[in-house]
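Participant: So the chains spell out like this:
There are 2 protein chains.
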Amino acid sequence: MQTNEELFLTIENYLAQTDFPGEPELLYAPICYSLAGGGKRLRPMLVMLACGIYSEETQQALTAAAAVEVFHNFTLLHDDIMDNADTRRGKPSVYAKWGQNAAILSGDAMMICAYRLLAEVPEQFLPKVLKTFNEMALEVCEGQQYDMDFETQQKVSVVEYMHMIELKTSVLLAGSAVIGAILGGAPEEEQRKLRRFAIELGLAFQLQDDLLDSYGDERLGKPLGGDILEGKKTYLMITAMSHASEEDRDVLRYAYKDPHLSDEEKISAVKAVYDRYDVRGLTEQQISLRFERALAQLQSLDAAPERVKPLHDFAVSLMGRMK
Amino acid sequence: MQTNEELFLTIENYLAQTDFPGEPELLYAPICYSLAGGGKRLRPMLVMLACGIYSEETQQALTAAAAVEVFHNFTLLHDDIMDNADTRRGKPSVYAKWGQNAAILSGDAMMICAYRLLAEVPEQFLPKVLKTFNEMALEVCEGQQYDMDFETQQKVSVVEYMHMIELKTSVLLAGSAVIGAILGGAPEEEQRKLRRFAIELGLAFQLQDDLLDSYGDERLGKPLGGDILEGKKTYLMITAMSHASEEDRDVLRYAYKDPHLSDEEKISAVKAVYDRYDVRGLTEQQISLRFERALAQLQSLDAAPERVKPLHDFAVSLMGRMK
Numbered sequence: 584m585q586t587n588e589e590l591f592l593t594i595e596n597y598l599a600q601t602d603f604p605g606e607p608e609l610l611y612a613p614i615c616y617s618l619a620g621g622g623k624r625l626r627p628m629l630v631m632l633a634c635g636i637y638s639e640e641t642q643q644a645l646t647a648a649a650a651v652e653v654f655h656n657f658t659l660l661h662d663d664i665m666d667n668a669d670t671r672r673g674k675p676s677v678y679a680k681w682g683q684n685a686a687i688l689s690g691d692a693m694m695i696c697a698y699r700l701l702a703e704v705p706e707q708f709l710p711k712v713l714k715t716f717n718e719m720a721l722e723v724c725e726g727q728q729y730d731m732d733f734e735t736q737q738k739v740s741v742v743e744y745m746h747m748i749e750l751k752t753s754v755l756l757a758g759s760a761v762i763g764a765i766l767g768g769a770p771e772e773e774q775r776k777l778r779r780f781a782i783e784l785g786l787a788f789q790l791q792d793d794l795l796d797s798y799g800d801e802r803l804g805k806p807l808g809g810d811i812l813e814g815k816k817t818y819l820m821i822t823a824m825s826h827a828s829e830e831d832r833d834v835l836r837y838a839y840k841d842p843h844l845s846d847e848e849k850i851s852a853v854k855a856v857y858d859r860y861d862v863r864g865l866t867e868q869q870i871s872l873r874f875e876r877a878l879a880q881l882q883s884l885d886a887a888p889e890r891v892k893p894l895h896d897f898a899v900s901l902m903g904r905m906k
Numbered sequence: 584m585q586t587n588e589e590l591f592l593t594i595e596n597y598l599a600q601t602d603f604p605g606e607p608e609l610l611y612a613p614i615c616y617s618l619a620g621g622g623k624r625l626r627p628m629l630v631m632l633a634c635g636i637y638s639e640e641t642q643q644a645l646t647a648a649a650a651v652e653v654f655h656n657f658t659l660l661h662d663d664i665m666d667n668a669d670t671r672r673g674k675p676s677v678y679a680k681w682g683q684n685a686a687i688l689s690g691d692a693m694m695i696c697a698y699r700l701l702a703e704v705p706e707q708f709l710p711k712v713l714k715t716f717n718e719m720a721l722e723v724c725e726g727q728q729y730d731m732d733f734e735t736q737q738k739v740s741v742v743e744y745m746h747m748i749e750l751k752t753s754v755l756l757a758g759s760a761v762i763g764a765i766l767g768g769a770p771e772e773e774q775r776k777l778r779r780f781a782i783e784l785g786l787a788f789q790l791q792d793d794l795l796d797s798y799g800d801e802r803l804g805k806p807l808g809g810d811i812l813e814g815k816k817t818y819l820m821i822t823a824m825s826h827a828s829e830e831d832r833d834v835l836r837y838a839y840k841d842p843h844l845s846d847e848e849k850i851s852a853v854k855a856v857y858d859r860y861d862v863r864g865l866t867e868q869q870i871s872l873r874f875e876r877a878l879a880q881l882q883s884l885d886a887a888p889e890r891v892k893p894l895h896d897f898a899v900s901l902m903g904r905m906k
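So the protein lines, in turn, are chains A and B. Quick note: to get our numbering, add 583 to the position in the first sequence (first position is 1). Quick note: to get our numbering, add 583 to the position in the second sequence (first position is 1).
Just so you know, the hints here were simulated from the structure itself, not pulled from any lab data. Predicted, not measured: the structure shown is a model, and the values here were computed from it. You may find that some hints are simply not true.
If chains are identical, the list can't say which one is meant, so a pair holds when it fits in one copy or spans any two.
[Said to hold, decoys possible] Straight-line C-alpha distance at most 20 Å; calculated EDC-like pairs for lysine to aspartate or glutamate:
id, residue 1, residue 2
1, K714, E703
2, K805, D669
3, K738, E608
4, K623, E734
5, K711, D666
6, K680, D732
Chain A with its partners taken away, still in its complex shape:
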């Protein structure tokens, strides 16, 4: 059996040798650029690891693993246009490098390439896999729409926020795990448990992402406080808003756009409010809760523990990055 590191390399190699047409160059060059941009390959890892619980035939899941990764990267291409984002994984975004029209059209082609990879799964699994993929893909768009809606929405509740990140982040992880399970021949009850696992893992992962932006380790190279300076409605911000006094809420609402404050002062002002209501602790609690629920789903699977272990270990390593 492959170690998780070997599996990661298998996915990298498969993506690297995936054949995209060469012409017209402006259409396909951004696709290759985007896929070569690295990342954790979290979603294809979930496909492969979920499949591996139920089957030795994980090779037949590679094409679906590549499909979810290509789809994920397509969403980044279009998100970067909508968010006006110049940088992605430390490099210029496709939008910044080739312009908006190229990012739109290459993104479209990329989504189609994802479906082309998906169409390669063994025929007996195709109807179910395609249906799962479609529902997942549509929900990801819904999540992005809610995320954009929130920017102009004055009040966002914690429940609304959790629903948004479930759609925007968790659903793609859940779809990946379920597709892997289907390809491994898992019964529906098992697919449902893996879905719940990935939904909770995704929530924990996204909340941790929110947390690290304010309380991460600056030595990791990413400057802290980016979300605060953008006035983004993160879990921390929304939780703070729901606990803070009217005066503190004004800080949360207005500090980031106060022209009299330096960036550092803005971040300090907001974090002082966070600290006053132990927003860090509340967020960590929520992360732990979600992560424990995820692991509990894994433990409830009808499979030998050693078959589940690689997926378990992968989840732990994913969440362990903050320690």
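Position chain B relative to chain A; hints supplied.
Facilitator: Positioned in the frame of chain A, the structure of chain B alone reads:
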């Protein structure tokens, strides 16, 4: 058997009752708006008519017919952003009405909705239908890319132009006809002939579109000369460039952006060059040639003439609009 008018209404009704989720509203409202915008429903008609040659069970092709129409409308949403087009079928484009981000994201959701409809075809046909759809969809993107490339490319040959419109227009008609044939249970040789039929029909259709922009009937409500004023590289323009003297070429190259000329004068100047080289006649010849080739493919089908007749009549009515 349904008449073509009844078939058109069946498609309209099916599209009207197709269920899209209601929330988030900004994501789905543009999809409904775009699909309600009318049009000839050319592509779904081809699916249904091709299916009807080989099978009485055309109802089972309705979902695929809707899929190609939804896909086509998705391409219009994104094309309108890339082309900065404010109007579509006499109404504000989605891009103009809801803004760029909505047009990007709703377009994405729309493409996924197309795949969702496609996934409803009978399971035994799904692998072949999905593959055909994917190849078609990717080629449409390639066509749009070449079309955009041509805007900045100084010289475009007739061969390059025909290749571009084959990708941008014909391929979607061809995919529609082939998918219909697959769902009707047609043998592969028949699928190939229907593909050739639709490719040629699409070329004739697109060239006629080019022709009508300069030589159409103004009473039909569309102002003439729009392509000329945009300096667009149409079949007429490219043909004229390949025949004209150096002096006349300069008119073709520069008249449309000459600040001393009124719109009317620009159009007259370019059309005078067209007339000098009988560009209208050359284009009409090419249209006739392509259309005859299309009909010859229909005649070569291994099916009773009365089964082919509805598709034949539809093609004739489509091309008859200029007379």
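Participant: Give the relationship of K711 and D666 under a CA distance limit of 20 Å: within one copy only, between copies only, both, or neither.
Facilitator: neither (33 Å within a copy, 37 Å between copies)
Participant: Quick one: K738 to E608, C-alpha cut-off 20 Å, is that within a copy, between copies, both, or neither?
Facilitator: Intra 45 Å, inter 18 Å, cutoff 20 Å: inter-copy only.
Participant: When no copy is specified for K714 and E703, does a C-alpha distance of 20 Å or less occur within a copy, between copies, both, or neither?
Facilitator: both (15 Å within a copy, 9 Å between copies)
Participant: For K805 and D669, with the copy left unspecified, which applies at a CA distance of at most 20 Å: within, between, both, or neither?
Facilitator: within (15 Å within a copy, 41 Å between copies)
Participant: Is it within, between, both, or neither for K680 and D732, if the alpha carbons may be no more than 20 Å apart?
Facilitator: So K680 and D732 pass the 20 Å test across copies only (17 Å; inside, 27 Å).
Participant: If the cutoff is 20 Å on CA atoms, where do K623 and E734 land: within, between, both or neither? Let me know, please.
Facilitator: Classified as neither; 28 Å inside a copy, 39 Å across copies.
Consistency note: the structure conflicts with the earlier hints numbered 4 and 5.
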